[in-house]
Amino acid sequence: MSRRILTVCASFGYLFIGLFFAALLIAHWIPPMAPSWSAERVAAFYTDHANSIRAGLVVMLVGAVATAPFVAALSSLIRRIDSRLEPLAAIQLVCGAANVAAIFVPVLIFTATAYRPDRSPDITMALNDTAWIMLVMNAFPAVGQAIVVGVAILADKRPTPLLPRWAAYLNFWMAFLFLPSILLTFFKTGPFAWNGILSFWVAAGAFGVWFLVMTPLMMRAAKRVDDDRAPAVLEPVA
Amino acid sequence: MTATAARTEHSAPQRHRHIPGEPGLWVFLLGDMIMFSVFFGFVAVLHGRHPRMFRTSQQALHPDLGLLNTLLLLTASALVARGLRQLRSGRPARTLPWALLCALGFAAVKACEYALVIRGGHTPSSNDFFMYYFVFTGIHLAHLAIGIGALTVLIVLSRRPALSRGQLLAAEGAAAYWHMVDLLWLVLFPLFYLVA
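First to last, the sequence lines map onto chains A and B.
The first sequence begins at 1 in the UniProt record's numbering and counts up one residue at a time.
The second sequence begins at 1 in the UniProt record's numbering and counts up one residue at a time.
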C-alpha cells in the first residue's frame, strides 16, 4: 500500500496551498496590512474585520497541519532515491516540521490579537507586529528545506531519476526567493517591508509555486517506487 | 519517455545546439536573472522618482573602486572561459586559480568600499538609494561567494587527468554560473555608479 499512501500524502500539498491562500483572502490579508499603519488604523482593521480574520485563521491552522503529510512523503521519497541519503531526509523532515510551527505560532498570535479588538490600540499593534513578523520572516526553515531537497535530487545517479533534475535547480532558486523576507526587520516601507514586493509577494508566490510544482512531481514519483514494504506476517499468539 | 529519447536522438545531428552545463541548471540561472531584473527595476523607478536624491547619494560611492571591480570580474570571466576551453580539449587549465584570485580581489575591494561608504555616514537606513545599494550589491556579493565555491570546484576538476561526461557538465555549469555573476555586476555597476 505504500504507493497509495505516498500519493495521498503528497497530494496534501494541493490542499495546503488551497487552504493557505483561501485563508489569506478570507482574513482580508491580500494585500497584507502595512507595517507603516498607525496603532488606531491597525485596531480599526481588527474591529472592522474581526470575524473574517478569526475564520481565516482557523482555515490557516488546518492548512498548517496539512503540510505534515506532504513533508513526510517528501522525506520518504528522498530515502528511496538512495538509502544513504537518510540524513538529508531527516533534515527535510526537521525543516518541514519547523515550517508547521512557523505557520502555527503566528496564526495563534493573530488569533489572540483578533480576540479583543477593543483593547488599547497600542497593545493590538504590538501583537499585530509580532504576528506579521513571525509569519513573514520565517523563511529559514523553508530555505534549508529547498536546498536539501535540491541536493537530494542531484544525488540521484540513475538514468531516469525519481524526481527530475531541473526540479533541483528550481528548489535552489526558490531558496533564493524566500531569502529577502529576512530583511523585513530593517524596514517599515518599501520592497523589504513585511507587505513589500520582495518580502511578501515574491516570497509568498514562490512558496505557492514550490508546492504546486513539487506536489505533482512527487505524486508521479510515488507511482514509480517499489511496493516492497509489506508487513511481515506474524504468527498468532498461542 | 523512450519515444522522446528516440526523437531527440534522431533530430540531434541536424540541429545540434550545445547548452553549457545541464539544461536544468538554466532554470536557476534564468530565474535568478529574472529576480535581479526586478531589483534593477526598483533602482530605475527610484531614479525616475527622485533624480536629485539619487544623484547626491551617488556621489558618496566610489566609482573608481566600482570600475576596478568591473575589470576584476571581466578578467576572471575571460580566464574562466579560457580555462574551460583548455579543460574541454584535455589540456591543463592553469588560468583558473588566477580567476579565483580576481574573485577574492572583488570581495576585498567591495568590503573596502562598504567600509568607506559607511564611514562617510551612509547606511542602508539613510535613504532608499543606500538601502538598494547595500541590499542589492550585498545579494550580488553573496552570489559571488557561491561563485568562489564554483571556481574552487572548477579548479579541483582541472587537476584530474581526464574528465567524465558528468564532470565536464559540472565544470560547464560552474563556469556558466560564474559568467552570470559577472553579467549581473555589469548591470549593477552602471545602474548605481554611472546613471546620471
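Source of the hints: derived by calculation from the structure; they are not laboratory data.
One or more of the hints may lead you astray.
Here are the simulated SDA-like pairs of lysine to any residue, each with C-alpha atoms no more than 20 Å apart in a straight line [claimed, not checked]:
hint, chain 1, residue 1, chain 2, residue 2
1, A, K188, B, F136
2, A, K188, B, V45
3, A, K157, B, V45
4, A, K188, B, S164
5, A, K157, B, E22
6, A, K157, B, F136
7, A, K157, B, A170
8, A, K188, B, G24
9, A, K188, B, S125
10, A, K157, B, L168
Right, here's what the structure says about each hint:
The hinted pair formed by K188 of chain A and F136 of chain B meets the criterion: a straight-line CA distance of about 18 Å does not exceed 20 Å. Simply put, K188 of chain A and V45 of chain B have alpha-carbon atoms about 19 Å apart, close enough for the 20 Å limit, and the pair holds. With a CA separation close to 46 Å, the supplied pair K157 of chain A and V45 of chain B exceeds the 20 Å bound. Simply put, K188 of chain A and S164 of chain B have alpha-carbon atoms about 52 Å apart, too far for the 20 Å limit, and the pair is violated.
Only pairs whose Cα atoms come within 20 Å are accepted, and K157 of chain A paired with E22 of chain B is accepted, the gap being roughly 14 Å. About 36 Å separates the Cα atoms of K157 of chain A and F136 of chain B, which puts this hinted pair outside 20 Å; it is violated. Among the hinted pairs, K157 of chain A with A170 of chain B is consistent with the structure: their alpha-carbon atoms are about 14 Å apart, no more than 20 Å. At most 20 Å may separate the alpha-carbon atoms for a hinted pair to count; K188 of chain A and G24 of chain B exceed this at roughly 37 Å.
The hinted pair formed by K188 of chain A and S125 of chain B meets the criterion: a straight-line CA distance of about 11 Å does not exceed 20 Å. The suggested pairing of K157 of chain A with L168 of chain B holds, with an alpha-carbon distance near 16 Å, which does not exceed 20 Å.
Violated hints for the displayed structure, listed by number in ascending order: 3, 4, 6, 8.
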